[in-house]
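Asker: Here is how the chains run, residue by residue.
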Amino acid sequence: MDNVILSQRLREAFPQELTSIREFRGELHVVVPREQLVAVAQFLRDTPELRYIYLENLCGVDYLGREPRFEVVYHLLSLSHRHRVCLKVGVPEADPTVPTLTRLWPTANWQEREAYDMFGIIFRNHPSLERILMPEDWEGYPQRKDVPLGYEEVAFTFNQDEIYAQKHFVKE
Amino acid sequence: MTTLTVPSPREIIEPARSGQKETMVLNMGPHHPSTHGVLRLVLELDGEVVVNVAPDVGYLHTGIEKTMESKTYQKAVVLTDRTDYLAPLSNNLSYVLAVEKLLDCEIPIRVQTIRVLLTELTRIGSHLVWLGTHALDLAAMSVFLYAFREREKILDIFELVSGARMMTSYFRVGGLAYDLTDDFLPTVKHFLDHMSGHIDEYEDLLTRNPLWLERSMGVGVISAEDAIAYGLSGANLRASGVNLDMRKLIPYSGYETYDFDVPIGKNGDNYDRYLVRIAEMRQSLRIAQQAHQRLVDMGPGPYVTADRKIVPPPKHEITYSMESLIHHFKLWTEGFKVPRGDAYVGIESPRGILGTYVVSDGGPKPYRVHFRAPSFINLQALPHMARGRLMADLVALTASLDPVLGEVDR
Chain V
5 MDNVILSQRL
15 REAFPQELTS
25 IREFRGELHV
35 VVPREQLVAV
45 AQFLRDTPEL
55 RYIYLENLCG
65 VDYLGREPRF
75 EVVYHLLSLS
85 HRHRVCLKVG
95 VPEADPTVPT
105 LTRLWPTANW
115 QEREAYDMFG
125 IIFRNHPSLE
135 RILMPEDWEG
145 YPQRKDVPLG
155 YEEVAFTFNQ
165 DEIYAQKHFV
175 KE
Chain U
15 MTTLTVPSPR
25 EIIEPARSGQ
35 KETMVLNMGP
45 HHPSTHGVLR
55 LVLELDGEVV
65 VNVAPDVGYL
75 HTGIEKTMES
85 KTYQKAVVLT
95 DRTDYLAPLS
105 NNLSYVLAVE
115 KLLDCEIPIR
125 VQTIRVLLTE
135 LTRIGSHLVW
145 LGTHALDLAA
155 MSVFLYAFRE
165 REKILDIFEL
175 VSGARMMTSY
185 FRVGGLAYDL
195 TDDFLPTVKH
205 FLDHMSGHID
215 EYEDLLTRNP
225 LWLERSMGVG
235 VISAEDAIAY
245 GLSGANLRAS
255 GVNLDMRKLI
265 PYSGYETYDF
275 DVPIGKNGDN
285 YDRYLVRIAE
295 MRQSLRIAQQ
305 AHQRLVDMGP
315 GPYVTADRKI
325 VPPPKHEITY
335 SMESLIHHFK
345 LWTEGFKVPR
355 GDAYVGIESP
365 RGILGTYVVS
375 DGGPKPYRVH
385 FRAPSFINLQ
395 ALPHMARGRL
405 MADLVALTAS
415 LDPVLGEVDR
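Heads up: the protein sequence lines correspond to chains V and U, in order. So in the working numbering, spot 96 of the first sequence is number 100, and the numbers just go up one at a time. So in the working numbering, spot 403 of the second sequence is number 417, and the numbers just go up one at a time.
Only chain V is shown next, with the shape it has when bound in the complex (with noise of 0.2 Å):
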């Protein structure tokens, strides 16, 4: 399996679907539209000859001032052939939704509570999209490039009443 055969099933397989499938540095990058995204992943995860059953990476990427805005990048990877192949999905700001893929990979999970952590894209019927990494209270997503780079202010004896004020959890 390569490159050229690879795009060239998906080509046959989804004709009107897929606009751009483009090599880029020996990767094959695929853009798929988001109502396509669990077929294409199923077509490739469960066709006899290709078998991309592993899922190796998914995230979240924000493209600030493009439009669409956000972008989820799959990587799947296909142990009998020896060939890795990126899927990309394009996420408008306005309705930052994606479907998951939790019920084809049960690995998705947690990688799509990041991507929700960091992004705040929602990925349609996961079991349970909550944040992963940062505190449940904290509010925005701080991976989105309009967040600045932030620090917590070191509290000492003689500030410290002054900074827990401030504190989500002391309001409460």
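Just so you know, not all the hints are guaranteed correct.
Derived list of chain U stretches under chain V, where covered just means 3 residues or more per stretch with a C-beta under 8 Å from a C-beta of chain V [as the list claims (entries may be wrong)]:
| no. | region |
| --- | --- |
| 1 | 66 to 78 |
| 2 | 366 to 372 |
From chain V, some residues computed to sit far from chain U (all C-beta separations above 10 Å) [unchecked claim]:
| no. | residue |
| --- | --- |
| 3 | Asn7 |
| 4 | Arg15 |
| 5 | Leu22 |
| 6 | Arg73 |
| 7 | Leu83 |
| 8 | Met138 |
| 9 | Asp141 |
| 10 | Glu143 |
Hints in this document: simulated from the structure, not taken from any laboratory. Built from N, CA and C at the ideal position, the CB exists for glycine as well.
Following the hints, put chain U in place on chain V, whose structure we already have.
Answerer: Relative to chain V, chain U alone:
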């Protein structure tokens, strides 16, 4: 396959709070010696039997991926050490390879060989920490002392090349931070000659030890199918009988030219994970010996790429050439520009597939860096493997999965 779930802490705590259940909910961690870092486990117990368990992570989240976006490509290497702090050189390698893929630059064979040698030593060092702490969790104190004795030697080697024992930052985009010192190869030779016998010592203590067999055989079993579904990688996956090793599957840094085997387990239990990791240490020794021999044969040579767009001119040139001085200054203040695009590289770290996804917008700083952290993904399988076992087995199982919480939370 929809039955494979990963519960969140809320799903266990809320039913218990409302009094719907007879089971007891117990909090284990975040500070607990057997969680190997800052991991909180919410346990649902029926007596001593684990009914359900929800790992709660994020206590060590330091925003490394976000911070890297504000550093130049070269400076961001330093942050990669801090993810999986037991295998800093593997992290360096994964990141550096991804950036080099974007740059499309050629790396000298000598540099690749040094990288292979050092990452294999890292693998041994990391497995030694796993072995020591795993045995310690099951009350076998002496293995820990033996394992850390040899780990010191590996850290000494790291200190020799990079000046740092743990946070090495030795691999840089385009090559290495410095050239090897003269006493590097003899020191490594001495280590490699003795290490094989030390692995026999650990095996003497554990492999046929009845207590060890009792505590690890049949504990935390996961089938090959489930392991793939959960995205397990590294020794955890191979112990279930799946032959997935990135060094063989999609080789990098010239691994295809080394002669080594991939140890595979059968049952996917703690004992097989133990056997696989022990066998992996022996294979790492084999690779390291070959790499060492090649370096001896090769003699001195370049330690960085010849591409001057990435690495500064050599020091002696700076003393007489104004252009070289400016060049050097530009590289260290502004950094080099990386072509627009995105690339992903997955390497075999001691814990599994460590992937780095780098997006470049054409500037001198990465637009986005994402780590496919093997510990993070391996930890998801913990509930599935722990259900129905005793709580004492959960401690053994956590150790057997070998998570590093710095990498889980990044």
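Asker: Hint by hint, work out which the structure violates, then give me just those numbers in ascending order.
Answerer: Hints 7 and 8 not satisfied by this model.
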